[in-house]
Amino acid sequence: MTDSIQPDEQGGAEAEERIPAMQSLLDNPFLLLFIGVAVPTVLYTVWGVMEVAHIPIAN
Amino acid sequence: MSNMFRTCPDTGLKVHGPAEALIKANAVAAVVFLLIGGLFGLLVALTRWQAIHLLPADLFYLALTAHGADVLVFWMIFFEIALLYFASAVLLNCRLATPRIAWVAFALMLGGAVMANVAVLQGESSVMFTSYVPMKAAPHFYLGLILFAVGALVATAVFFGTLVIAKQEKTYTGSVPLVTFGAVTAAIIAVYTIASGAIILIPTFLWSLGLVGEIDTLTYRIVWWGFGHSSQQINVAAMVSVWYAIGALTVGSKPISEKVSRAAFLLYICFLLLASAHHLLVDPGISSEWKVFNTSYALFLAVLGSMIHGMSVPGAIEVAQRKNGFTQGLFGWLRKAPWGNPAFAGMFLSVILFGFLGGITGVIMGTEQLNIIIHNTLYVPGHFHGTVVAGSTLAFMAITYLIVPLIFRRELIFKRLAQWQPYLFGLGAMGISVFMMAAGTLGVSRRHWDMAFSDAPFAFDYPPAAFMMMGLNGIFAIIASIGGVAFIVIVVGSILFGKKRDEETARANPVVFQGGGATVSSHGAADEVKIPGTTILVAVFFLSFVLYYFVNWKYLSEVWPLS
Ligand code: HEM
Ligand SMILES: [Cu+2]
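Protein chains in written order, with numbering that gives the first Met the number 0: chain D, 0 to 58; chain G, 0 to 562.
Just so you know, not all the hints are guaranteed correct.
To be verified - Restraint ranges, calculated between C-beta atoms of paired labels, are given here:
#1 G/V558 / D/I54: 23 to 33 Å
#2 D/V41 / G/K166: 24 to 34 Å
#3 G/Q167 / D/A20: 15 to 25 Å
#4 D/Q22 / G/I477: 41 to 51 Å
#5 G/Q49 / D/A20: 51 to 61 Å
Calculated directly from the structure, the hints in this document are not laboratory data. Bear in mind the structure is a predicted one, so any value in this text is a computation, not a measurement. Glycine residues also receive a C-beta, built at the ideal position from the N, C-alpha and C atoms.
Make a model of the complete structure from these sequences and hints.
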């Protein structure tokens with residue numbers, strides 16, 4: 000709040016401040032939630048369990 | 000509606016009554032489980048001190064199971080739920096979403112934790128808190144854990160709900176404060192963690208009832224560690240948020256760069272959980288691709304996140320302290336820091352001990368080749384007592400010294416003891432971490448009742464130094480326990496008997512740095528960044544890191560001599 004860009008210096012308060020893509024990602028907790036759950040689910044859990052499922056069964 | 004809020008005289012924040020009550024309940028439950036679990040830890044340490052060898056074998060494994068579950072799961076997660084409510088409702092000046100459901104969550108967690116404890120104490124569930132199949136515990140052991148997990152998941156949903164309300168009701172402007180962002184990170188990690196726990200424990204519960212034929216051991220381990228390891232990452236994310244919060248509240252520090260700190264949290268969200276794979280580095284049947292991808296590439300990115308926080312927390316404190324007028328030399332800011340304030344002291348010790356003890360050793364253990372030197376030895380508990388005890392537990396204790404006056408609105412009793420407590424507990428935690436790691440380096444197994452192998456069919460001797468390490472471990476366990484008991488006496492005593500803090504006492508005896516309330520609840524970085532002292536600290540850290548890393552490769556090369 001205190002250190003955000005002063006609108007007047009940027010050409011008047013009316014000039015819409017464009018929000019950088021990274022910031023809008025960080026401001027969206029549910030998108031982050033999706034990423035945070037999907038990444039380990041795919042790369043750790045699903046990949047790992049698939050490998051176990053492919054171990055041939057002894058007879 | 001508005002009469003449900005009060006304005007905090009110390010921070011100027013609006014505090015929602017029901018949120019405050021829930022923070023209190025969860026914090027108190029947490030502290031109770033810390034007490035129970037900590038005492039079990041002392042019993043375990045005194046048993047592993049071979050000269051004392053306190054408990055018989057069956058009680059040793061019972062105590063070890065209770066210790067792991069009570070401190071690692073119940074103490075930590077209850078406290079984290081309190082932190083989530085604090086970082087959402089309090090820091091965003093907002094009402095808590097659905098307090099009634101939050102109470103249901105609390106009841107589920109409490110009921111579950113009590114049930115699991117009963118099961119362990121009955122003696123039929125000494126399966127360690129990892130409860131690897133095919134070891135079978137009593138059904139209510141699993142059911143207790145499941146109820147606890149479901150309750151925690153509901154509490155996390157309340158947190159997300161509160162974020163939505165704060166946004167809708169515009170109780171803050173722009174981005175959420177950094178501390179809240181850290182809490183969001185912790186909550187996201189918690190969702191995956193708790194879901195993994197429930198997914199694997201529900202079939203295991205059915206299996207213990209005889210309703211499911213068998214649980215595949217390897218699959219169990221993969222999914223269970225999605226819970227077991229990831230819950231450590233809730234602890235890390237929550238701890239880092241607490242570091243930032245205490246810095247803001249005690250010396251008025253602002254992050255040196257919001258962007259960088261938030262990016263570091265994003266690295267946690269994306270990569271930290273994959274490191275769960277380091278628990279499976281010696282499991283057969285899983286490919287090296289999976290192991291190396293998840294532990295190396297992903298883990299290093301997550302470690303990068305921690306190193307960023309490890310630099311930016313002291314950096315922020317240095318900037319703030321210099322601004323507060325402590326500009327002398329390289330380390331004047333550090334010498335003149337409020338070391339007599341237990342919140343600050345506990346936080347800074349936590350940063351240092353977490354980095355040097357927990358952080359460096361974690362990277363060693365997460366490296367597939369090096370892991371084999373110490374796999375399943377006491378090095379492992381040594382490492383995580385560096386992270387979760389000297390790091391997270393100490394940080395949570397530190398912020399409790401602010402929660403008691405600010406949320407419970409009581410003056411601390413035994414202020415002198417409180418000043419010493421972080422050092423006492425920090426020293427003890429450092430000792431148990433270092434000496435368990437030392438014993439582990441000498442090969443001593445973890446989770447083992449008798450390191451002398453007295454009635455084993457084959458004689459085996461650990462080097463005498465290993466026995467000495469376990470003796471030293473026992474001594475530092477006693478120190479840590481004294482520090483832990485001191486914490487509980489101070490906190491519980493203050494809540495029950497401390498002087499009530501009204502506006503007048505708050506003005507006469509402020510616990511928060513002037514403007515700290517506004518700093519912690521807004522976003523924005525420090526305007527001038529000059530951190531020569533921190534730069535030197537970080538250089539020392541890197542040097543130790545690199546040295547220790549290469550020492551371990553050297554050590555590995557000697558395990559299997561080729562010539
Ligand atoms: C007074 C403080 C404490 C002492 C003296 C202590 C001591 C010990 C000892 C000696 C072990 C046994 C290692 C083995 O034989 O394998 C152990 C295990 C463990 N400790 Fe602690 N500890 C303390 C506090 C904590 C805290 C605060 C936490 C978590 C927040 C914690 C988490 C654990 C866990 C998860 C294990 C592993 C249990 C298992 O292998 O199943 N400890 N502790
Ligand atoms: Cu782990």
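Against the structure, the hints come out as follows:
Evaluation of the 23 to 33 Å hint for G/V558 and D/I54 yields a pass: the beta carbon distance comes to about 28 Å. Restraint check, D/V41 to G/K166: a C-beta distance of roughly 29 Å satisfies the suggested window 24 to 34 Å. Remark: the range hint 15 to 25 Å for G/Q167 to D/A20 is upheld by a beta-carbon distance near 24 Å. Evaluation of the 41 to 51 Å hint for D/Q22 and G/I477 yields a pass: the beta carbon distance comes to about 50 Å.
For the pair G/Q49 and D/A20, the supplied restraint of 51 to 61 Å holds, since their beta-carbon distance comes to about 59 Å.
Hint violations for this structure: none, all hints satisfied.
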